[in-house]
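Take a look at the letters that make up each chain.
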Amino acid sequence: MLRIECPCCGPRDHDEFRYGGDASANRPAYDDPDFEAWYRYVFVRENPAGLHREYWQHVIGCRQWLVVERDTRSHAIASILFARETRA
Amino acid sequence: MRRLAIGGRIDRSQQIEFTFDGRAITGFRGDTLASALLANGVRLVGRSFKYHRPRGIYSAGPEEPNALVTLGTGGRREPNRAATTVELAEGLVAESQNRWPSLNFDAQGINGLFAPFLSAGFYYKTFMGPTRRAWMFYEHFIRKAAGLGRAGEEPDPDRYDVRHLFADVAVVGSGPAGLSAALAAGGAGARVVLIEQDFAPGGSLLSDPADAESVAWLSGMFARLAEMPNVSLMTRTTAFGAYDGNVLGLVERHGSGTADPKQGQARQTLLLLRAKSIVYASGALERPLTFANNDRPGIMLASAARVYLNRFAVLAGTRVVVATDNDSAYRAAFDLAAAGAEVTIADGRAEPIHELLEQARRRGIAVRTKSRIANALGSRSVRAVTLSEPGGPATVKCDLVAVSGGWSATVHLTSHLGVKPVYREDMRTFVPGKLGAGLFVAGAVTGGFTRGGSIEEGHRAGAEASAFCGIAKSVQQPVGLELTEIDAGSHDNSLSASLRSAPLPHFVRAHDGSHTVCPEHHRPDRSEERWFANRTRAGDEKGAKFAAGKAFADLQMDVTTQDIALAHREGYESVEHLKRYTTLGMGTDQGKTSNFHALSAMAGLRSMAVPEVGTTTFRPPYTPVAIGALAGRSIGHHYKPIRRTPMHDWHVANGAEMLEGGLWMRPWFYRASGRDVNEAYVAEMRLVREAAGLMDISTLGKIDVQGSDAAEFLDRVYVNAFAKLPVGRARYGIMLRDDGVVFDDGTTSRLGERHFFMTTSTAKAADVMSRLEFLLDTAWPDLRVSVTSVTDEWAAMSVAGPNSRDILAAAFPDLDISNEALPHMGLLEEKYRDRRLRIIRLSFSGEWAYEIYVGASLGTEVWCRLMEAGAPFGLKPYGVEALGTLRIEKGHVAGPEIDGRTTLDDLGLGRMVGKRSGYVGEVLGRRAAFSDPTRPRLVGLRGVEPGRQLHAGAILFRPGEPMQGHGLGRITSATYSPTLDVWVGLGLLARESAVEGAEIVAAYPITGQTVRARVVSPIFLDPKGERLHG
Amino acid sequence: MRGYSAFSILRNGLTGQRHWRRVWRAPDPKSAYDVVIVGGGGHGLATAFYLAENHGVRNVAVLEKGYIGGGNVGRNTTIVRSNYRLDGNTQFYEFSMKLWEGLSRSLNFNVMFSQRGFLLTANSPGEFDTFGYRANVMRLNGIDAELLDREEVRRMVPYLNFSEKALFPVHGAILQGRAGTARHDAVAWGYARAADAHGIDIIQGCEVTDFVRHGDRIVGVETTRGRIAAAKVGLAVAGHTSVLARKAGLELPIESHILQAFVTEPIKPLVHHVVAYGADHFYVSQSDKGGLVFGGGLDGYNSYAQRGNLGVVREVAEASIAMMPCISRLRILRHWGGVMDMTPDASPIICPTPVDGLYLNGGWCYGGFKATPASGWCFAHTLAKGEAHPLTAAYRLDRFRTGRTIDEAGAGPFAWLQ
Amino acid sequence: MADGSTMTGFEMAADDCAIIQFEAWDGAMAQFEAELPRILGGPLPTEVGDTARHDSWLVIRVAPRRFWLLWDGPPPIIDVDPKLGCALPLGEGRVRLRLSGRGLQYVLERCVAVDWETLAEGRALQTGLHRVPVLLLRRSALECDLLVPRSFSKSLIEWIADAAAGLNRAIYASPRTDALSSAHASQRTG
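Chains as they are written, first to last, in this note's numbering: chain Y, 224 to 311; chain H, 585 to 1614; chain Z, 161 to 578; chain F, 131 to 320.
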């Protein structure tokens, strides 16, 4: 059981959350016609054995999408932010 | 073997009746099944896995390899329980297993004769012929012979529960280290949960004589802990697994004094303990010695012999050989001697310390040094041992052999999270590796086996653990055991309710008042290890002639030293290969007593050090866990929470056959419509086509979309445009996934300039909702849009059919629902009894129809109002089967077509896009393969053979083409069309063949049917939509 | 290779098992091979065997960082089936099934392939329809398949939940009689022994740390046991594919996810087939030793830790009792996790790669065990000929770019949902 | 730790309550937080999980930019400046379960994976109950409310009643909802 500390709800079991996959992949702008950019965003994964930036939504809670940095070998969580806080 | 008249922690005033193999036996409260059997002279308890050798009781705890029994009957039958962990309870029914016809005479004992051929992995080398399927023949017999106990096939009648617990500090183990840790952390003010697998707390201290100073220490600790409301002691609770996030999985067994739980009570509770910090004080397990016939009943761990004596007042033998390679077994020897047994110590070491020898001498115990057991004699019970000594072999008669091959720290839980144990050479044991933040170890699990040290370490760990939680008040360390005054009188009276939940041991002074400084250091040397390796190697060389019989490394799996040697010879030398090839450590005991010796044997064979060979991975659970406990209450009708629409009860009361879909219960069909679903759906289709039907569509996903950018947002998430949708109008929309495949469809209405009401399919509602939130939170946070699921907010129903307008008008006479006020795809927002009422004129069935949305609490009222108003117009309810077939006639796609692989063009919906761009899925939706000529396209299929059924799942071929492979496509949905009086279907057919008018063959090889059909437009009914517009 | 037979068992039984010899050698790596296969799992070892057996390529090394068979081939639920419906998968897995049927004899090693039947329940009418489609495709491709109605299912597996009140009642089932289980470790060992007999070097404890390049071409590997030159390098490292491929400059659409497996205590025969639950994630068989072996769905987040989370343990336990109420009182002995190399369509990738000299066998998701023989066969072909085998032509890396994905579940490009 | 079999007293009742959700736009939060209290006539809670109570209403902050206004009686009509945020009624979609008694913690430990002991009175949180999203509001030492989705309410009432098996309990249904009919049934059998 991962324990994910939602920034506004506190630590919860991970099954309150919905996984959203790799958060390091850059989503092209909605009207970006660049095929390569979309292909890479949708399919290419770094899949690191180590720190992984990933999306989780506190779906059985505040429904906020979060960006979690987690080590895929130890499952230790390094940081958690609201996804909205992480935009440049 | 006999029960002593006094002493032990049993309550002689409470007799407990139970049966073993049908024989009625009496024990006492405080007994385990094992101690009660031993007290009654039962020595032969089971037969071994492979060779069916007689086996007795080997240990006094969860490490038991031999004494596996089946408990209970019927649905309560539970095989393979270690008798050493079964708390004796009234009415317990225990049965020996893996024997036929009886325990005393087991026909499969004959396997022993074939033992030379049944070496490790022999089955990999044979049973391959004469035919390809020959294995299936042999396997039948092998399977019957394998297995241990027999499981029941009836459902388990008992109840299980799940509890969520939180603590600052969890302490695993209630021995000296655990108690000290709990006291330190509890004293500091931390919330502490102290976990003990046994039904009595105290750990190793419970095996001391009742008058030992440790007993007084123990009751002193209980008294102090009992005063702390922030400390909970959970006995009968096993910490079976350590999981991420400092979550411990615990199983609590509810002792009710009877074998089966009382009515309404759970048999076991799964406890999910989320602790900020954990102290592992899980102790150590004694290891056996390996010698020929080391499995005979009457041979047991030295510590177990001591537990049976001191805790259960059972003297397991009167002539005892204590064989050891370390000091710890001397304690057992001394206690057994004090209880009147004639004791001989065979110490493999050359020079045990003088003090021990002196004490032994004082007790009249003969100590033989450099003396090891070579062989045990006796079959159903040991009667003598042959000792190998420098002066030659010697035989000593005995009825109990107490062995100690050192101690292994109980590192299991500490390594569940992938922390590899490290080897501690001085103590010859693996100990926990470097644990993560907030995790501490104390006591024997660290490889330190002194009590004073355990108390100190426990105290320190408890203090550190509470400090880790930010709670740092210091508390006085409990005095060390050596300094404690004996005060055996003051024990259980002061205990709080939390401690009282555990049955308290009765502390009674033993008859023998003497007590001594017991050896606490186990001071092992490596001689045993070397000796064992040499023996194994010798066995390897001499083969079957090795020693006088089998020497078992793993008693439960019947793995012998020869098997290990064979594995080594064949190159299965990594510990994992060894385990997998020989099945070593794969039993219900997970090799708790066997792993270490096997490792050291392999190390010896490979001429490597033990840590170089490594250890196998420890996996949860620490001891076996009932699947029922893991499922808890989520069984039967609580398996999943079910969703009911606001009109659910009406449907049930009015004869609906309900069907689950996405956890919703929906009316499948109404029994008034027909005898079975096939008859009913046709009748309900006719109803809608000819009069009107009412359908509960509350399960549709509903999402409220608001904000100044709402229209822009919808323009991006749908392939078709919504920005120009007028207020008061609805539009059908399709969403794609990012990869260009169709995601979901639905209707979205515009309630205001900045306000939309979206519907989704029932199946995809949650996914769509989450995806919209994802896009807003991560991709387009600059859009001012709020999305909220309102699925539960609205009761929704569809009245469809030529009479629907009349019915609606009759039900709501005040509403203007004229074609002008409410055109096709128009929307009305009104009030009904001060609540919101939303009417959208749209149709899934192809008939004139309205969707009516009203606050959920008024759903049944509005439904009934419509039914009443509609009665004169022939209105009746219809179910999802009819809905699913009505839409086929109209060529509307649904789940079977939107299957996660189809594109817009596949579904014939490409035209919806027009020249738009900037919507989700646009770019990857143009991938090359999406325009392949073999790509499927939605077609209509019309049966051309009267009365012959088209089947969903049939594969499509050109007439005359060989029917093999994947064909040109398939029928996705099919129905009998009462309107056309033919079978019609929707299909996905290769574009190059999807020519209207062409004939096609639909093959259903499972039934051997092939049916001819014509490719037509998927819209079978009213292609111009006249029924919709009037 | 000394043959295994009833006679050899007898002879050794009478002579104290003294004549058995190493099942595979423990050679030091040579400085160069024609083919180096990275990964001593089932697929890597099978590839090595078929390279020698089918193509006469014997100067081959299999490099394994730990011990052979230590990855997914040794930690799966041992199910072998070929009940796929999509073009590409159907034929490939059936070919694998045919190889399984003769495998013990071709390897002279009993892999205990037991064709006890794979039965998947349909728990709604809609699901039963999709099984009809699947069964039809199987039949049309020469694969055995049957649809069973509720009563037929009850006769076969009476211990399932046939309660009228069951939340997900049994409507029927799809049965593949030739499907079954095999002894997973034996597959690795059997291939290793047979490959070794062809002179192939199986080198354990040899971790590949990097690739050796000559220009754009991969010409060898750096290992913890030194540099090894290779004309061709084949990757068959399952969950670790991404990490190694990246060292070769290859980006992949693969994510590593955990799939858990469970075993109960050994009991006398109870479950005589492989039975899977159509309403949830649960599938079970009983090993010859007597333990019920079962599994569920993915843990659902990227991971390289070979262990699972308790939430999924509970979900699997719940599903198991929903399908099979009598399992409640049985006890789990062990649960563990394997690292699955998940692709966005849950189908594998076997092909030459854009990196010259590097060949890829990966993305097996949770279906790798049953594919072992065919994967080895086809990957050997790919390595020997430098081009895809016709049966794996669809398993191209570029299919995600072109859209020719093979998505049985229709779950879309979300590896953790596949 | 107390043993459930000796614990007595658990009551559960269900009723409806009006809920209005307010959401502020990202970037308009400060203005929104100034504006809304003026309309409501009382302050807003500052942290997610905090609540603010007035005579006839309770406001719960359910997300960084979201508030739920709970109202006994007919829902008030409150317009929010569309430049600042939006409002949405949600009361039809939820059923309020009122749980109380000395057995409350016993029941909650068997239902939700959150720590009741550290949940202050007047605090709320959103969590899963049998994997269904619910809002848990601690009203006092031995009282709490659960706002549960209406479609799941019957299942969840049965689930909670099942958790309370072994307790002496009373389960009441408010005349305004029929959601509890099966809870009665389970009480009889439990």
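I should point out that these hints are in silico values taken from the structure, not numbers from a laboratory.
There's no promise every hint is true.
Said to hold, decoys possible - Here are the simulated lysine to aspartate or glutamate pairs, EDC-like style, with alpha carbons at most 20 Å apart: (1) Z/K225 <-> H/E1160; (2) Z/K325 <-> H/D1260; (3) Z/K407 <-> Y/E269; (4) Z/K225 <-> Z/D188; (5) Z/K407 <-> Z/E367; (6) H/K634 <-> H/D595; (7) H/K1224 <-> Z/E367; (8) Z/K325 <-> Z/E367; (9) H/K1348 <-> H/D1328; (10) H/K1499 <-> H/E1296; (11) H/K728 <-> Z/D440; (12) H/K1348 <-> Z/D188; (13) Z/K449 <-> H/E737; (14) Z/K428 <-> H/E1244; (15) H/K1348 <-> Z/E287; (16) Z/K325 <-> H/D1483; (17) H/K1224 <-> H/E1244; (18) H/K1018 <-> H/E1048; (19) H/K846 <-> H/E1048; (20) H/K1348 <-> H/D1260.
Now the hints, each set against the structure:
1. Z/K225 <-> H/E1160: The hint holds at about 14 Å.
2. Z/K325 <-> H/D1260: holds (18 Å)
3. Z/K407 <-> Y/E269: holds (11 Å)
4. Z/K225 <-> Z/D188: Holds, because 14 Å separates the two Cα atoms, which is no more than 20 Å.
5. Z/K407 <-> Z/E367: holds (13 Å)
6. H/K634 <-> H/D595: The hint is violated at about 39 Å.
7. H/K1224 <-> Z/E367: violated (46 Å)
8. Z/K325 <-> Z/E367: Since the Cα atoms of Z/K325 and Z/E367 sit roughly 55 Å apart, the hinted pair is violated (cutoff 20 Å).
9. H/K1348 <-> H/D1328: holds (7 Å)
10. H/K1499 <-> H/E1296: holds (16 Å)
11. H/K728 <-> Z/D440: Distance of about 30 Å is beyond 20 Å: violated.
12. H/K1348 <-> Z/D188: Roughly 56 Å separates the two Cα atoms, so the pair is violated.
13. Z/K449 <-> H/E737: Given pair Z/K449, H/E737 holds - Cα atoms ~19 Å apart, limit 20 Å.
14. Z/K428 <-> H/E1244: Violated: Z/K428 and H/E1244 sit about 36 Å apart, past 20 Å.
15. H/K1348 <-> Z/E287: holds (17 Å)
16. Z/K325 <-> H/D1483: violated (29 Å)
17. H/K1224 <-> H/E1244: holds (11 Å)
18. H/K1018 <-> H/E1048: Since the Cα atoms of H/K1018 and H/E1048 sit roughly 16 Å apart, the hinted pair holds (cutoff 20 Å).
19. H/K846 <-> H/E1048: violated (41 Å)
20. H/K1348 <-> H/D1260: violated (29 Å)
Hints 6, 7, 8, 11, 12, 14, 16, 19 and 20, counting from the list given before, are not met by this structure.
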